[in-house]
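Modelling step: build the complete structure from the supplied sequences, incorporating the hints.
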Amino acid sequence: MDSELRLGVFLCDCGNTLSKAIDFSTIKTDLENLPDVTYVNISHDLCLETAQKAMQKDIEDKGVNRVVVAACSPELYEKGLISVIQAAGVNPHLLSIANIREQCFWAHPDKTKAAKKATTQIKLALNRARFLEPVEKTRIPVNRDVLVIGGGIVGIEAALELSNLNLKTTLIEKEAILGGKLNQFPNLYPLQVNPEEMLAARLKDITERQNIDVLTSAELIDVNGEVGNFSARIKESNEEVVRNFGAIIFASGYNTQFSSQIYGFELSNNIITQSKLEEILKFSSEVKEIPKSVCFIVDVSGEHSRVSTLSALRNALGIKEKFGSEVCILCRNLKIDGAGLEKLYRDCRNNGVLFIKFDHLPEISKQNGKIKIEVEDVLVSEEQVSISYDLLVVEETSVPPPDSRFLSSALNIGLDTQGFYQENNIHLYPTASNREGIFFAGNCHADLDLMRALTEASNVALNAYQLLAQEKITVEAERVIVDPNKCRFCLTCIRACPHHAIREVEVDHEKMAAQIVDLACQGCGICAVVCPAKAIKCKDGSDEQILSELEPFGEHV
Amino acid sequence: MKIKGAFSPDIIAFCCAQSAYQAADTAGSMRISYPENIRVIRVPCVGRVDVLHILRAFERGADGVLVLGCHDEACHHLSGNTRAKNRVQKANTLLQEIGIDGKRVEMFTLAPNQGSRFARIANEVNERIKELGPSPVKSAD
Chain A
148 MDSELRLGVF LCDCGNTLSK AIDFSTIKTD LENLPDVTYV NISHDLCLET
198 AQKAMQKDIE DKGVNRVVVA ACSPELYEKG LISVIQAAGV NPHLLSIANI
248 REQCFWAHPD KTKAAKKATT QIKLALNRAR FLEPVEKTRI PVNRDVLVIG
298 GGIVGIEAAL ELSNLNLKTT LIEKEAILGG KLNQFPNLYP LQVNPEEMLA
348 ARLKDITERQ NIDVLTSAEL IDVNGEVGNF SARIKESNEE VVRNFGAIIF
398 ASGYNTQFSS QIYGFELSNN IITQSKLEEI LKFSSEVKEI PKSVCFIVDV
448 SGEHSRVSTL SALRNALGIK EKFGSEVCIL CRNLKIDGAG LEKLYRDCRN
498 NGVLFIKFDH LPEISKQNGK IKIEVEDVLV SEEQVSISYD LLVVEETSVP
548 PPDSRFLSSA LNIGLDTQGF YQENNIHLYP TASNREGIFF AGNCHADLDL
598 MRALTEASNV ALNAYQLLAQ EKITVEAERV IVDPNKCRFC LTCIRACPHH
648 AIREVEVDHE KMAAQIVDLA CQGCGICAVV CPAKAIKCKD GSDEQILSEL
698 EPFGEHV
Chain B
19 MKIKGAFSPD IIAFCCAQSA YQAADTAGSM RISYPENIRV IRVPCVGRVD
69 VLHILRAFER GADGVLVLGC HDEACHHLSG NTRAKNRVQK ANTLLQEIGI
119 DGKRVEMFTL APNQGSRFAR IANEVNERIK ELGPSPVKSA D
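Heads up: the sequence lines are chains A and B, in that order. Take the first sequence: its letter number 185 is residue 332 in this note's numbering, and every next letter is one higher. Take the second sequence: its letter number 121 is residue 139 in this note's numbering, and every next letter is one higher.
One or more hints might be untrue.
[Unchecked claim] To give an idea of the chain B side of the interface with chain A (calculated C-beta under 7 angstroms), a few residues:
(1) G46
(2) D68
(3) R78
[As the list claims (entries may be wrong)] Below, computed lysine-lysine pairings styled on DSS-like, alpha-carbon distance capped at 30 angstroms:
(4) B/K103 <-> A/K686
(5) A/K633 <-> A/K658
(6) A/K482 <-> A/K517
(7) A/K263 <-> B/K156
(8) A/K258 <-> B/K156
(9) B/K156 <-> A/K270
(10) B/K108 <-> A/K681
(11) B/K108 <-> B/K156
(12) A/K517 <-> A/K429
(13) A/K681 <-> B/K156
For the record, the hints were derived by calculation from the structure and aren't laboratory data. The beta carbon of each residue, even a glycine, is placed where N, CA and C say it ideally should be.
Spelled out as structure tokens, the structure:
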């Protein structure tokens, strides 16, 4: 980089709206007298293309190598301005923005005070500009294969989508056959189409694909490396194989479990689980003793209750149709948010299914071979109701797959409080993990019904494709750097990095040091703070840049 | 020297670019006013804020420091906000030891759309620092 600083300042008065409050021309002369300031320009609309073209020309003509902009919030036009300075041949990281609109004039009604603050902000942005450092881009070759863990319907769908996108996919399944939960409980998933047929069609499709490799009775043991270059150890029927992938998709699903602790009783011949009921309904012609009255209880254990609620609704209808029994559903909060589900609920009601809402778990006991339920009806009477049924169908709790705890620590990916995989941000990045290149789909991380899970499978395939669409990924190189001479290799940063983006490398004969993986780094700067030797430097938000904004204070301006 | 009644403290707010900085923008966009002596510094994540940065702010004449990050369990970088919380506590004790009221450093969490919360925090903290008076570092000059 050139040693000489040539600062270019662009002041924008937001279509003349700010010029009433602040006199840009005095600021301009003021700034022009400061050292290293090469050029100061007043614009009215830096967000518009014409002004941006002029800005680009000014930068080129005046040989500006650091750009300071005083305008609206960087959240709005930072990206646009970056492309302008990039077009003018200035590194995108050499831009410093003073937010004088949202955080000055719009927030402070006192115009003189706001103008004073704006002047300070502009000077601070100038200060910061002196410490900015360029970051170059580089292209890193990536492995374009994808690993999908879990051969349930979500894993299958994701693999098919990836195959459509021309990415070679390896699908691994713990069991001997593909299909997952849909094999056991087709009725668990309310659909217009028959889930068994849907699964069969997909299984047929998957065998015909050249670029899908299916490994059954296989388990993931460990993963090394980072996004673009993961190397996974897979145990396939007692044999261990190592394969390389660019991205990993978890679609490992969930397990169900009856927890007697929640209910305070054990299962018996007239207290059965929903999956047992599925079996009974599957072979309904063989049932000898038809229960005259059936009661379902759902939503006993918190968040993950969408699937069990839908299953209860569907099976309640099924029992009505097949046996004509009296059916009641005890629920805390009926989750029927999805296409066609409101209709399912109405059908239940129209067919005479009774719904009772509870706040506190009902008291359940056995009396004369029947199930006696005492529940406070919170909706209608607000009184204790005592009812008795022939058969009680209890909800099973969704639990994470047994290996999720082990895999989360082996791969350094987060789990939520219930032990399911934790998305990076449930609203903004619902399928991303905390690690770049590792994604979640389906019920291994969220409570989804089948339609939602299938949508997510397609989304996650697109996420992986976005990453691996090209042979090489363009990435900013050395945005964060470790000085190997200062690094004492204490591993603090490696442990602290939330994205698993720091690896160990041998720098010199036997001297080890930490190294940032550019592809995986998300630039949070946590490592730079925890490093006891101060060996790590973030070029975006370095100590110097942050401290430069602390001056000047108050009257010292 | 300024008169005590007119004391307007210099307050530095380290703001997470993912949440608090945007909350400050939201406050401006909604024209919710807060004291202009609060100065925002944008950091990629509050996990980037070091105890050193907080202490340096006092060294350079700040009367109060705010660290504003994402809500608990909502940090894009998982542990950034909890780390910041610990560092703020550390800074509290360090300041207390050298005779500066530890209450001059505070951490709050907010979401990008909580413009009014940002303004409320700014107003409250401004009042609290006013009560405490100018930082002893300043008067030592």
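Okay, the hints, checked on the actual structure:
no., hint, in the structure
1, G46, "3 angstroms, holds"
2, D68, "5 angstroms, holds"
3, R78, "5 angstroms, holds"
4, B/K103 <-> A/K686, "24 angstroms, holds"
5, A/K633 <-> A/K658, "12 angstroms, holds"
6, A/K482 <-> A/K517, "29 angstroms, holds"
7, A/K263 <-> B/K156, "21 angstroms, holds"
8, A/K258 <-> B/K156, "27 angstroms, holds"
9, B/K156 <-> A/K270, "22 angstroms, holds"
10, B/K108 <-> A/K681, "18 angstroms, holds"
11, B/K108 <-> B/K156, "22 angstroms, holds"
12, A/K517 <-> A/K429, "24 angstroms, holds"
13, A/K681 <-> B/K156, "28 angstroms, holds"
Of the numbered hints given earlier, the model fails none.
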